[in-house]
Amino acid sequence: MNPCIRAAGWLVFALLLVPAFASRAQGSQGTIQKIKETGTISVGYRESSMPFSYLDDRQQPIGYAIDICKHVIEALKAEYNLPNLKTSLVPVTSSTRIPLLANGTIDLECGSTTNNADRQKQIAFGHSYFLTKSTFVARKSSRLSTLDDLKGKTVVSTAGSTNIVQLNKANAEKGLGINVIAANDHAEAFLTMETGRAAAFVMDDVIIASFVASSKDPSAFAVGTHAFSLPEPYGFMLRRNDPEFRAFVDKTTARFYATAGPALYSKWFESPIPPNGINLALPMSPQLKRAFARPSDSPDPTSY
Amino acid sequence: MQYRWDWRIFWAPSPEGQSTYGDMIVAGLVTTLFLTCITALLAVAFGSLFGLLRSWPDARLNRLAKTWIELFRSIPLLVQLFLWYFVLPELLPEQAGNWLKALPNAPFLTAALAIGLFMSARFAVMLAAGISALPRGQLDAALALGLSLPRAYRHVVLPRVFRNLMPTLTSELINTAKNTSVALTIGVAELTARARAVQEFSFQVFEPYAVATACYLSINLVITLAMRGMERRLRVPGYLTA
Amino acid sequence: MLGPFDLHAIWRALPYLLLDGMRFTLTLTALAALGGLALGTTLALVRLTAAPILAALVAGYVNLMRSLPLVLVIFWFYFLVPYVYQWLSGGSRPVAVGAFWSALVTFTLFEAAYFSEIIRAGIQSIPRSQFEAGSALGLRKAQVMAHVILPQVLRMMLPVLLTQTIALFQDTSLVYVLSLTDFLGAASKIARRDGRLVEMYVFVALVYLVVCVLASRGVGALQRRLTPAPSVALRR
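Chains as they are written, first to last, in this note's numbering: chain C, 1 to 304; chain X, 305 to 546; chain R, 547 to 782.
These aren't lab readings, by the way, just hints derived from the structure by calculation.
Where hints are given, some of them may not hold.
What the hints assert, rightly or not - What follows is a list of derived Cβ distance ranges for each label pair:
no. : chain 1 : residue 1 : chain 2 : residue 2 : range
1   : X       : Gly542    : R       : Gln698    : 32 to 42 Å
2   : C       : Glu74     : R       : Leu577    : 28 to 38 Å
3   : X       : Ala437    : C       : Asn276    : 51 to 61 Å
4   : X       : Arg536    : C       : Asp148    : 54 to 64 Å
5   : C       : Thr302    : X       : Gly326    : 32 to 42 Å
6   : X       : Thr371    : C       : Pro283    : 20 to 30 Å
7   : R       : Ala596    : X       : Arg536    : 29 to 39 Å
8   : C       : Pro243    : R       : Pro598    : 45 to 55 Å
9   : X       : Leu365    : C       : Ser145    : 52 to 62 Å
Built from N, CA and C at the ideal position, the CB exists for glycine as well.
Modelling step: build the complete structure from the supplied sequences, incorporating the hints.
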C-alpha cells in the first residue's frame, strides 16, 4: 500500500482514539457508590513488600497493610449493609499502582506507598501507618557504608519508587557517577544485589530489613549508614476528590489505630511472621506512636 | 475521574536531577537506537552463518544449524534473556561469573547478546528459505562451470538470495528494533523503560507512551526507507524484483 | 551462593507452576488466538471489501500494531482499557477490568493485526475466477466469501496461523512486566522466594522448548499433509 495512505490511516486512527477518553467531562461518582453498584471492591496489593503486603507460601497476599485494609472492608460491609461485598485482589507494582488507581482498576491500595507531596497532587492518602527512611543494603564483603562508597558503582532500586528518585537526585547533585538500574519490583531488586549484578540496593530500611532477615544468610548483608531521607510516612492510596469514601476510611482507621494498632504492629514487627517465621524485632518508633495517637495524612516527615 | 492530558510535562524538570522529562525520553531513544544497531549486527552475522549451514550440502552441519534455529526460536525471548542474565553467571566458575556480573553496562551487553541470538534464528530461517527458493539449476550451473561450492555460493547463490530477501530483511530488522524493548526487564534504560519512568514520576500515563509510540513509528520509517534505498542501489538491471 | 541444582525444588513448586501459571498461559493463548482470529478475519474482510476510508482506517490500525513493541502495547492497554470501556458503555467512571481480561483484550487486539495479514494474504492468493464462478452460480458476495473463499483460506493458511499461535504462546510471557502470574511469572515468584533461580529458569526454558519444538514439528507435518507433492515437484 502507498505509504502516504498508510500514514494517513495511522493519523486518523490516532485522532479517533484521543477524544475517546478526553472529551467526557462530567462529575465523578464516588467509590462508595461504585462499590454498592458492582458489589465488589478492588484492592491493590504488592507481591514483595514484606511485612506490609506480600505473598505467603500459598501465594495469597498477607501483611500489616493488608490486615488494616481487611478491617476497612469489614467496616464497609457493616456500615453500608453489604454482607456479600466481594473483594477482588489485584497485584500492583511501584510503576502500575497510581495509574491503576486513577483508571478504576483498583479502589484502594494496600502496600508500602510513601506519602509525599508530589503524589498528593494525583491521589489521596489514608492515615499514615508506618514511617521509614530510605537507605541502602550491600553484601558485607563489598564493605559499602557511606554514600561516597557507591561512587562509580552499579546500584539498583525499584522502578517507580521514591527511593530511585532520591538516588538519582543524589547521584546528579554530587556527581557520583553511579550507574542506576531500575528493577520491576523489590524482590527483583534485592535479587540483583544478592547475585552481584549490583553493588547495592537503595530502598526503605524496613523493606531492606525484611529482605535481609528472610534471605538464606542474613549475616552476608550490611545496611548502609547513609540515609537518603528522613523517616517518611506510608499510607494507603485512595482516589482524590472522593470525600465520602475518604471520610469513611479515615474514621475507621482512626478508631482502629487507637484500639488495635499496637497489637497489630506487634503481630507483624515483633513476632515471627509467615512464610519462614522470621521475627523483625523492630520496636515501634516514637513517630509512629504519635501517628497512631493523632492520625494524619501529612506528607511532611517533620510533622510526626 | 477523567484523564487530563498535559503535553507540557516534557518540558518540566524530572525528579532525577538537572534534566527534563523530554531529555529522559531522548536518552531512552538513543539507547534503543544503539542497542538496535548492535543487536542487528549480531543477528545478521549469526543468522547468515547458520542460515548458510542449514542449506549447505552436508548433513552434520545441517543438523547443527537446525538445532541452533530450534533452540533459539522455541524459548520465549524474555526467558532467554533471564537465562543469560541470571542463570549463566551461576553456572560459570565463580571467578568468571563474578567478572561477568561486574562488567560495566552488563544489562546492556546481555540484552544485545540475548536479543541478537534470538533474532539470529529468524534471520537464519529467512536465509535458508531464500536459498531453497532459488531454482536449483543456478547452483548446478555454477558448479558445472567449475566453480567450487564456496565460490558458487559467494558469487552466484548469495547475491541473488540477498536481493530477493530485501523485503523480509526489512521486516526482520524492524522486529529487531521492536524486540529491544524487552531489555527493560533487566534494567536497560531504553525507550519503553524511560517512557514508563516518565509515567511513574510525572503521573501522566498516556503522553510518554504516545511519544514512545511516535518514536517507534519513526524508527520503522527510517529502516524501511533506508532498506528501500539500498534495494534500489543493489538492483540488477533486467531482473524482475518487487 | 545459590547452591547445587535442586530438582526437589522444582517438584515442590510443580502444582503451583502448572495449575496457576501454565493454566493462565494456556487460557490466555487459546482465547487470544480465537479472538484474534475472529477479529483478524473481520479486519481482513473490511480491508479488502469495504469503502476506501474504512479500509484505510483498518490498514492504519493493523500497521500501527505491527510497528510497536508488544511491551509498549501491553502498557498502553493495561492503563487504557478501563477508559475505553467507560467510553463504550457511556458510564461516568472508568470500568475496573481484571488483570486477566486486560491481558486478554491486549493480546486479542494485538494478534488480530497479525492474523488479519495472514488471512488477507490467503484471500488474495485465491484466483479471481473463483469469485466470478461463485457469482455466476447466483451466490451473493457474502455467500461466496463465507462458503467458497474463507474455508479454503483457513485450510490453506492453517499452518501459518498455528505458527503464529506458537509465537503468541511464547509472547504471553511478557505479561511478566505487569507482575501477572503466567507460567514464567509463577516460576519467577518461586525462584525469588526460595532462591532457586537456576532451577526455575532452566525448567521454564525446557518446558517452553519441548512444547514449542513438538508443536512446530506437528505444524510441519500438517503442512506436508495439506500441500502434498506439488511444492516439492515444482522446486526440483
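Consistency of beta-carbon spacing, Asp148 of chain C to Arg536 of chain X, with hint 54 to 64 Å: holds (57 Å)
- [ ] Could you tell me whether the CB distance from Leu365 of chain X to Ser145 of chain C stays inside 52 to 62 Å?
- [x] holds (56 Å)
>> Range first: 32 to 42 Å. Now tell me if the beta carbons of Thr302 of chain C and Gly326 of chain X are that far apart.
In response: Hint holds: Cβ distance 33 Å, inside 32 to 42 Å.
task = Just tell me: holds or violated, for the beta carbon distance of Ala437 of chain X and Asn276 of chain C against 51 to 61 Å?
result = At roughly 59 Å between Cβ atoms, Asn276 of chain C and Ala437 of chain X fall inside 51 to 61 Å, so the hint holds.
Query raised in the report: CB of Thr371 of chain X to CB of Pro283 of chain C, is that within 20 to 30 Å?
Result: Violated: the Cβ-Cβ distance is about 60 Å, outside 20 to 30 Å.
Exercise. Could you tell me whether the CB distance from Gly542 of chain X to Gln698 of chain R stays inside 32 to 42 Å?
Key: holds (36 Å)
Margin query: For the hint 29 to 39 Å, verify it against the beta carbon of Ala596 of chain R and that of Arg536 of chain X.
Written below: holds (33 Å)
Practice task
Evaluate the given range 45 to 55 Å for the C-beta pair formed by Pro243 of chain C and Pro598 of chain R.
Solution key: Holds - the Cβ-Cβ distance for Pro243 of chain C and Pro598 of chain R, about 52 Å, lies within 45 to 55 Å.
Outcome of range test on Cβ distance (Glu74 of chain C, Leu577 of chain R; 28 to 38 Å):
holds (35 Å)
The structure shown violates just one earlier hint, number 6.
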